[in-house]
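Given chain P, work out where chains Y, S and R should sit, using these hints.
Protein chains: 4
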Amino acid sequence: MTQNILTPSALLGLPPYPANAYAPLADRFKALLKTKNDVVFVQAEAIVALEASAASLGRQGMVALNIVTSPYGKYYGEWLRRAGAEVHDLLADEGRPIRISAVIEVMAGLPQLDLVAVVHAETSTGILNPLEAIASEVHKRKALLVVDAVASMGGHELDVDALEIDLCVIGPQKALGGPAGLSIASVSQRSWAAMVHVDKPSPSTLNLLDLKTGWLDKGRGAVPGMPSAQEFWAAEAALQRIEQEGLAAVIKRHRLAANATRSGLEALGVNVWVKNEGKASTLASTFQLPTNVDAQAIIDNATAHGAVVLPAHGSPGARLLRIDHTGARANFAPALANVVGVGIALQSLGIDVKIGAAAEAFSRAFAAG
Amino acid sequence: MTQNILTPSALLGLPPYPANAYAPLADRFKALLKTKNDVVFVQAEAIVALEASAASLGRQGMVALNIVTSPYGKYYGEWLRRAGAEVHDLLADEGRPIRISAVIEVMAGLPQLDLVAVVHAETSTGILNPLEAIASEVHKRKALLVVDAVASMGGHELDVDALEIDLCVIGPQKALGGPAGLSIASVSQRSWAAMVHVDKPSPSTLNLLDLKTGWLDKGRGAVPGMPSAQEFWAAEAALQRIEQEGLAAVIKRHRLAANATRSGLEALGVNVWVKNEGKASTLASTFQLPTNVDAQAIIDNATAHGAVVLPAHGSPGARLLRIDHTGARANFAPALANVVGVGIALQSLGIDVKIGAAAEAFSRAFAAG
Amino acid sequence: MTQNILTPSALLGLPPYPANAYAPLADRFKALLKTKNDVVFVQAEAIVALEASAASLGRQGMVALNIVTSPYGKYYGEWLRRAGAEVHDLLADEGRPIRISAVIEVMAGLPQLDLVAVVHAETSTGILNPLEAIASEVHKRKALLVVDAVASMGGHELDVDALEIDLCVIGPQKALGGPAGLSIASVSQRSWAAMVHVDKPSPSTLNLLDLKTGWLDKGRGAVPGMPSAQEFWAAEAALQRIEQEGLAAVIKRHRLAANATRSGLEALGVNVWVKNEGKASTLASTFQLPTNVDAQAIIDNATAHGAVVLPAHGSPGARLLRIDHTGARANFAPALANVVGVGIALQSLGIDVKIGAAAEAFSRAFAAG
Amino acid sequence: MTQNILTPSALLGLPPYPANAYAPLADRFKALLKTKNDVVFVQAEAIVALEASAASLGRQGMVALNIVTSPYGKYYGEWLRRAGAEVHDLLADEGRPIRISAVIEVMAGLPQLDLVAVVHAETSTGILNPLEAIASEVHKRKALLVVDAVASMGGHELDVDALEIDLCVIGPQKALGGPAGLSIASVSQRSWAAMVHVDKPSPSTLNLLDLKTGWLDKGRGAVPGMPSAQEFWAAEAALQRIEQEGLAAVIKRHRLAANATRSGLEALGVNVWVKNEGKASTLASTFQLPTNVDAQAIIDNATAHGAVVLPAHGSPGARLLRIDHTGARANFAPALANVVGVGIALQSLGIDVKIGAAAEAFSRAFAAG
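Residue numbers (this note's numbering), protein chains in the order written: chain P, 4 to 372; chain Y, 4 to 372; chain S, 4 to 372; chain R, 4 to 372.
Hints are not guaranteed to be accurate.
Since the list gives no way to pick out one identical chain from another, each pair is judged satisfied if it fits inside one copy or across any two copies.
With a straight-line Cα cutoff of 30 Å, these simulated DSS-like cross-link-like pairs (lysine-lysine) come out [as the list claims (entries may be wrong)]:
#1 77 - 221
#2 357 - 215
#3 357 - 143
#4 221 - 143
#5 39 - 357
#6 39 - 215
#7 77 - 278
#8 255 - 215
#9 33 - 143
#10 282 - 221
#11 357 - 145
#12 215 - 77
#13 278 - 39
#14 357 - 37
#15 221 - 278
#16 278 - 145
#17 215 - 278
#18 278 - 357
#19 357 - 77
Simulated from the structure, these hints should not be mistaken for lab results.
Extracted from the complex, chain P is given alone in its bound form (with noise of 0.2 Å):
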């Protein structure tokens, strides 16, 4: 019988990552990210170096503003909270984007202001916050600021030492195309600063300052503690790989694909939730379901038709898909048949679309380049 033959895998019996290997894989991601602070690697997903990073910089008597796009950046608040600090919570329109008008009227309200925590990009809404104009406000106030890009690394300009970005967050999973088990931070020596008040005999997962002790400061061999192979080893494949395409190439790929979907499904008849290319995320696009829809339906059979669609988590009042054209989906023909899936699938409900005058547009905005 067969069914004892097991096919190699390929997952298993990687040789571990190379000590020496770190410290050039760090340096790889300090040029993506343009920066020369620290980059250190958190073996979890991105969400914990989030927690880690609230964690390891609130405290007592700091006061934080938190800008809050989606239920990620209020998990965020309450981290901070939870390490002492007095935080503000700044709150988006439902699935919009921060206006800098607002950030600036309650920044201009707190006479005591420590730290700034902002998320670049929101896949669950497919919008952009106004980063650039944000740090701009931070550093007059001599702030900390945090941003966690792990939905806009590699599909918007991000440029870590122009912002003067003290502590940011990315994954090699999202436009990168590489695994969700390991999360990069890069840390500021202001932020390193910020976080000796931390007392901790013993290590946490939710301390940064284990990692400048632990690796750092010991010279930057192997990680502490039990690296995975497969998440370094596929991690640096991917930098490898985003590498060869080159950073530049990486983003004009998802912006094209942003920008052709959203063209795509305005002449579907559908409306897009975001239309402004500079609010937009060009990871995915969110359109509004049409009233008395059922979502699961359109999912389901927009799904047989290739594309990829998920409830847009973060705005339920607007009832939103989104599509995600991210990494390898930011390509001409995962990209089309979201469009056009969606369309036949809303077409299935008997709403009207029009796929040929979507796949027109589509094919126009792709082919503009």
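Just chains Y, S and R now, kept in the frame of chain P:
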């Protein structure tokens, strides 16, 4: 330096394919082919198995009818001739399936007939030959029936025993989505008996009988020579995937992609070469280039939009381009990108084609199932 | 130039782990652990699951006994303390298993006892703690029993339900030969009940209850957050391999490698640290460095001869080196190379050791089964 | 149920090997072979390339000397004969290298001599033929020199241009650790010229000239036919690894493993078949079975202890067993397990062998470098 840290390759370090796995693997191919005949492995691409079948079956005094619907068909006649046979080539109209009436007519003119060779489907021109009718005629004459089913396996129904095919060659690399360096032949007892004239003191790649004496007659353990672990493990993985999906579903998926592609191309406004489903291969579709259009420019532009388009060898006069919807490409997203990508390419050269109508027709055909 | 042609990496482009695969995967880990308790996944290395268990179970008013046989054990006490518990650390003799008499004695001095934490086996020193006897004492006091079985799973018998373990953490990366970025915890109903004091409006990596509310209570579909396809597919592949070999055979293979290693080391003439099979881990063996010998020179030379030798953290005074015979290394060739490689390394520094006698003793022990 | 969730196979879904990658790949093999001759790929195991070389070079009126040191050597003479040549087989003593004096003597008796064929090293018996001396004699006669270097490539120095080898066949599957379904031939201009007599209107697997007209003369783009992505990507990965290690280091590693193995076997007390380093292959070692010993019992028992031991085809009278230390097995741990595993197997049948002495001698030889 990181340049000397190599990502470990999953393609190296495979364990040898186990000696006791070859027989079950062969039996699974028997099931796909619906045959009780012997099934043997030829460790090379399918053209080697085909040449070997001609070299092994051909002999002085044999009269053969060779049905030619592509350049490969011409080779088969030549291989039989080299082996000593008297070969009558029957050529179809350029780029078209053979007409059964032509087969009947030429057979009527041959008082002796020992072997008939035919290709089931041709990817180069996208045609399907009337195998069932041919088989019926061949059996009336009690001749050996040799079928090249490399391009039809997985895309069309094929029942080796119902059609009493004496020698059938397939490969895992097309609709089955497997490797190209291994081919599979089913061989009837009549075929083995016809080969015994071969007098070979040493083994030869072109002598199928070596596989009988060296493998079948020894109990089907390890195949003789040095098996490629890459090919056998990949073939097993491909089989596993096909069995999980179900051969009928695989065939249906190819038929759906083919129908949608041809509907899309017609709506686009190009001249589809083989329209009739019963005469068309499900693995590839062909269309005629408009006059004065540069084929390579079309190919390059369509490729940039996710299409897989190739020159259709086999009918240069007809100026055909071939669209590939085989294996993983027999799915909504890649097949749609084929059609729309070709549309964009034609438009870019000033040809007036209807991308929107094509996308609509494609979607309708696909959704119709 | 070929340098810009990249071999495609098998570690990228994996399909997402299917939503309906998590529950069966968890059930297979339940079977390995011999438990009917809930099993949950923590997407990080096992130390994160351990810290989370302490953070989730620990509380004000809790009295805990923490059995310390390595630095990791110390951390556990600290994590419980941070969560508010009163923790009594019970330290074993350096590099030795805890004595059950010491456990009984210290328990007798604690009028209140809510939780006992212990590591089953320690790879750092190669010891095995008397888990069965400890469990028996703990149950007399109706305290919660928390077991770190990361290093014993697959190397020693472990029956979670027979031992009534309330919270047991394992990882696939040791004897199971799987990935390190995923850990698995079995959690009893008593443990879940003990966690409800945790008041957390937002999720936290360190709150195991999130896995109950976010995954178990929702029917065990896709795990919350962004699962790593690399980790889950690798864990599944490792499980498949373990199930095919049989857990009992895996354990036996580790025991055989351990016995042969220790027999070989004794015949070599070095001081084996833990000789008694009942007190020794099967995953690693430790021996004392002769005085005046440079540990790193031994490690480097032995490594060059195929051995895997590491400093044995956890008992610096004893100057131990640790030999790894875990997972794929729990086989004849790598385990023999360990012993002979260490012999060559010692000889190269002028230490008189008996390589021939070691190879003979190793072989005899291995052949004895 | 989990049985219908398949771990994705890294062996499927590979991108086609890029058309512009074949030429650089060939050039890297040229560098390994130290030749400026053309290098072509035969998409099948090396025996096919060998048969093709005989079928392509052989012709009526040719006089060939075929040096036979294994069954494969006999086949080569037969293939030349089929092609029409007059072939003189020169057989070495059973299981021994050819003596150069025998070559000189037989050549002296041949007034016409057009081609000499020889195998560089034989894994079946572990011997190395005196290639340099043979080449020198062949060149005096201006005959074509054909060398089967499949088993010597990577294990022995080989300089195709210094030795003026006209046709040299290698495969990546032995010392290079690559796939077995691809072979590589270097072909001199004299060889191409010698092939033009072949009159072939259609292609044949056995006609190397097809590779000249179909690939070399067309600018070395995509190879003709249907290339196996598995084989070419695996060959590239193997080359990359070899180049990183350095061919000289690879050869040294094989020599070290061979010397240590033979030292170990002698100390074990068995009769090593080829003792002289200059006459022995570095890829395999052979020893004579003691009388009245069951070869299969030895093989089974040694295999259970990590050895790779096989019957040595080619000299049945000598009752040889062959020990494999090729590729990844040319390292300390597997080579030591070979020797000790054989020792355990012999002991288990009551043969008095010295495992300890063998391990010591092996270690000494290995450490000596």
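Intra/inter-copy verdict for residue 282 and residue 221 if alpha-carbon distance must be at most 30 Å:
neither (42 Å within a copy, 34 Å between copies)
Is it within, between, both, or neither for residue 255 and residue 215, if the alpha carbons may be no more than 30 Å apart?
So residue 255 and residue 215 fail the 30 Å test inside a copy (35 Å) and across (41 Å) alike.
Within a copy, between copies, both or neither: which one fits residue 278 and residue 39 at a CA-CA cutoff of 30 Å?
For residue 278 and residue 39, neither the intra-copy (35 Å) nor the inter-copy (51 Å) Cα distance is at most 30 Å.
Is the C-alpha distance from residue 33 to residue 143 at most 30 Å within one copy, between copies, in both cases, or in neither?
within (25 Å within a copy, 55 Å between copies)
Up to 30 Å between alpha-carbons, please classify residue 357 paired with residue 143: within, between, both or neither.
For residue 357 and residue 143, the Cα distance exceeds 30 Å both inside one copy (49 Å) and across copies (55 Å).
Between residue 221 and residue 143, at a C-alpha cutoff of 30 Å, which is it: within one copy, between copies, both, or neither?
neither (35 Å within a copy, 46 Å between copies)
Residue 221 and residue 278: within-copy, between-copy, both or neither at 30 Å Cα:
So residue 221 and residue 278 fail the 30 Å test inside a copy (48 Å) and across (35 Å) alike.
How do residue 215 and residue 77 come out at 30 Å by Cα distance, when the copy is not named: within, between, both, or neither?
both (27 Å within a copy, 21 Å between copies)
Is the C-alpha distance from residue 77 to residue 278 at most 30 Å within one copy, between copies, in both cases, or in neither?
Within one copy, since 25 Å is at most 30 Å while 55 Å is not.
30 Å Cα threshold - placement of residue 215 relative to residue 39:
This pair counts as within: shortest intra-copy Cα distance 15 Å, inter-copy 41 Å.
From the Cα coordinates, with 30 Å as the cut-off, is the pair residue 357 and residue 37 best called within, between, both, or neither?
So residue 357 and residue 37 fail the 30 Å test inside a copy (43 Å) and across (45 Å) alike.
Alpha-carbon proximity context of residue 39 and residue 357, limit 30 Å:
neither (50 Å within a copy, 52 Å between copies)
In terms of the numbered hints stated before, the structure departs from hints 2, 3, 4, 5, 8, 10, 11, 13, 14, 15, 16, 17 and 19, listed from lowest to highest.
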